[in-house]
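So the sequence lines, in the order shown, correspond to chains A, B, C and D.
Going by my numbering, the letters in the first sequence line up with residues 1 to 62, in that order.
Going by my numbering, the letters in the second sequence line up with residues 1001 to 1224, in that order.
Going by my numbering, the letters in the third sequence line up with residues 2001 to 2221, in that order.
Going by my numbering, the letters in the fourth sequence line up with residues 3001 to 3239, in that order.
Derived by calculation from the structure, the hints in this document are not laboratory data.
The beta-carbon is built from N, C-alpha and C at its ideal position, and this holds for glycine as well.
A hint or two may mislead.
[Stated by the list, open to error] Quick list of simulated restraints, FRET-style, between CB atoms:
#1 B/D1108 / C/L2207: 56 to 66 angstroms
#2 D/R3233 / B/S1202: 40 to 50 angstroms
#3 A/W33 / D/L3027: 16 to 26 angstroms
#4 C/L2202 / B/S1131: 26 to 36 angstroms
#5 B/S1022 / C/L2207: 14 to 24 angstroms
#6 D/R3012 / A/R50: 13 to 23 angstroms
[Said to hold, decoys possible] Covered by chain B, per the in silico footprint, the following chain C stretches (three or more residues, Cβ under 8 angstroms):
#7 2042-2054
#8 2086-2093
#9 2105-2119
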Amino acid sequence: MIPQYEEKYVFAIWSCYAITAAVLLLFLAYTLWRAARVRRELEQLDGQRRRAPAKPAREAPQ
Amino acid sequence: MSLSIDNLRCVRAGRTVFSGLSVDVQPGEALILAGPNGAGKSTLLRILAGLLRPDAGDAQFSGVSLTSERVEFQERVLYTGHLDAVKPALTVHEMLTFWADVYDAHHDAVGPAIEALALARLADHPVRTLSAGQRRRLGLSRLALIDRPLWLLDEPTVSLDADSAARVAALARSRCESGGVVVAATHIDLAIPAAKTIDPGSFKLEATEDGVTADDLVLSGDAW
Amino acid sequence: MRAFWALARRDLTLAFRTGGGGALGVAFFVITAVLVPFGVGPKPDLLSVIAPGMLWIAALLACMLTLDRLFQADVEDGSMDLLALSPLALELAVLAKCLAHWLTTGLPLLIAAPVMAITLSMPGEAYGPMVLALALGTPALSLIGAIGAGLTAGMRRGGVLTAVLVLPLYVPTLILGALAGNAAASGLDPSPYLMLLGAITLACLPLCPLVAAAALRLALR
Amino acid sequence: MWSFANPNKFMRVSGKVLPYTAVLAVLLFAAGLYQAIYVVPPERVQGDSARIIFVHVPAAALSIMIYLAMCISSLVALIWRHPVADLSAKAAAPVGASFTALALVTGALWGYPTWGTWWVWDARLTSELILFFFYIGYIALWDAFDDESKAAPAAAIFCLVGSVFAVLAKYSVELWETLHQPPSLTIGGEENVHDVYHIPLLMMMAAFWLYFVTLWLVRVRMEIRSRRIRAIRLAAARE
């Protein structure tokens, strides 16, 4: 399954592909993890706000 | 030369400091800003000085608009903030001569300005050797140096003794008597006959459409 | 114009009374240049090759070191508020401060550079073009630096950030300045690079104060 | 574009678009990689090493494109105070920086068998390195401010100034390189590669671009949510 490349380029080619894949996937995973955390935090806060409807988001005239 | 503040709104770090702040001040009148810490006294003064942009509303001084003619508006303003804006390495006389140059005031006015706050004895002393109160007086002597109709004073009498505070009050009074407008955040009585007192923090109105901020936008609407 | 010169004069006075004028910057420049032979060895042929580049790097480090105080002192003590409200346009105030900054950092380097060039075995015929290149390029260093100083003016500890922001902006000036010095050192005509250096400074003269003033207005909010 | 000034609208539309860009990115990566690894023949001059262009060139091209996009965003944020534009530039910067780093690393890996050295002060690699510094400065500037409303315009100013100086640096680096006689072999001879390389390269470019768009949407959504969290917290502190 693994294609045969010229001997002197094999390392360069596969390391380029591997590093690119690693960076793209790790960055994606990291971003998704952070985004999920932010999302959970917001859902929690929004839930608290809904349970306390007497306090609207915008300031009411005093 | 009247000052009219119209529907001013300010949001700082996501917090509405005041909104719908409107007040008219006639020539010769003073506007005293009172209220607790965080009421927006300094913020209002910095907005009127054109250093901060209001999130909505406008102010006009003798027909000049703060938001659309900021430079012209600022040419009528004399501002003193919490900080004295003095350099320890310069002498009292040099410091005032510098501000006279920058504000296009006459050099002849430097001597009287030094005397107006009783600094004549210290004229050739470096600012480094002055006490906090003396530095404050040096900062305030710009009021006697530069001739501008709209004064914005932020806690001018902090760290001043009674005599110096009285001198500052007298300067503010004479500014009003000659038809100017003084806006001051202060706890002492400036003894200006025609003075209004407001608490900027008490102005809290529902935001108008044009004053919607980024935070309002993310707060309005349903959760996503 | 009176306000412009008053501000430049005040900054010069302050520099002389508190910072020893340009002396500290020159001292830094000289020490950096002296460290080079310790780092790369004393061989004259090697030193003469890298001399123009090393002088330029020492010059831009010396210039950058004094940048974070360019506006920060005035922002901290409230002077910048009053300058922003004065009849002097903030852009011109920035230009005046850049002028004072150049007179206390850039100009002394022009005098120190030939001396350091001797210690770095730079060929004699390159002295003139090297000083000319510094004369044309160092004003751009002060002007470009004002942008970085303006962006970090409101921060309590902006020093390292100023360096990270400003050093990449110095790349074109550094390349052209070193090219002029190298060309002269190898007997070629440095004038095209000198002209390009002059062009950068001329373009920075109106544009950098504009940007730096916009950044300062942000810092005052 | 103006309707996206409302974060609510942006959240709604971006939520719908996101799955499509993600799926398309995966499909294009699969197709492009299959072509790049199995189908494309070795190049005439550079042999199999030319396969590296399929990751090197898209990363390098996008690193520049993303900076340009950040400039446009910054300009919009500065002039019209568009409340999503500053977040858009902020969200794009780390993606751009990582593409720049990738372009540098793959360039070095390509350079080793070709030139016999990991790093050469080649004009393109050098300009890429300088661009990387501008990304770093931009991100550092955002992080240095406590107050987001101050950070956004400052970062926008730096982004625009940086773009001007990045172009200046590119031209001066080219001038500098021609005088320092670089190695005769330049890397990434995209201009003279064989035609069979074009289609897979375009596919990989599109895949990288869609990857960026997907990640950017996720990050902008995250930034808008963080802003909402902050606003709720401030509203709570006020009561």
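Okay, A/W33 versus D/L3027 on CB: inside 16 to 26 angstroms?
holds, 24 angstroms
If you count the residues of the segment 2105-2119 of chain C with a beta-carbon closer than 8 angstroms to a beta-carbon of chain B, do you get 3 or more?
This one is violated; 0 residues, fewer than the three required, reach chain B with a Cβ under 8 angstroms.
The segment 2086-2093 of chain C covered by chain B? Criterion: 3 or more residues, Cβ-Cβ distance below 8 angstroms.
It holds: at least three residues are needed, and the segment 2086-2093 of chain C offers 3 whose Cβ sits within less than 8 angstroms of chain B.
Do D/R3233 and B/S1202 keep their Cβ atoms within the hinted range of 40 to 50 angstroms?
violated, 24 angstroms
Given a hint of 26 to 36 angstroms, does the C-beta separation of C/L2202 and B/S1131 actually sit inside it?
Distance hint for C/L2202, B/S1131 is violated at roughly 48 angstroms.
Distance restraint hint 56 to 66 angstroms, applied to the beta-carbon atoms of B/D1108 and C/L2207
Roughly 39 angstroms apart at Cβ, these two residues miss the hinted range, so it is violated.
Would you say the C-beta atoms of D/R3012 and A/R50 sit inside 13 to 23 angstroms of each other?
holds, 19 angstroms
Annotated coverage of the segment 2042-2054 of chain C by chain B, confirmed only when three residues or more have a Cβ within 8 angstroms:
Coverage by chain B is violated for the segment 2042-2054 of chain C (0 residues, Cβ < 8 angstroms).
Within 14 to 24 angstroms or not, the Cβ separation of B/S1022 and C/L2207?
Violated: the Cβ-Cβ distance is about 41 angstroms, outside 14 to 24 angstroms.
Checked against the numbered hints above, the structure violates hints 1, 2, 4, 5, 7 and 9; every other hint is satisfied.
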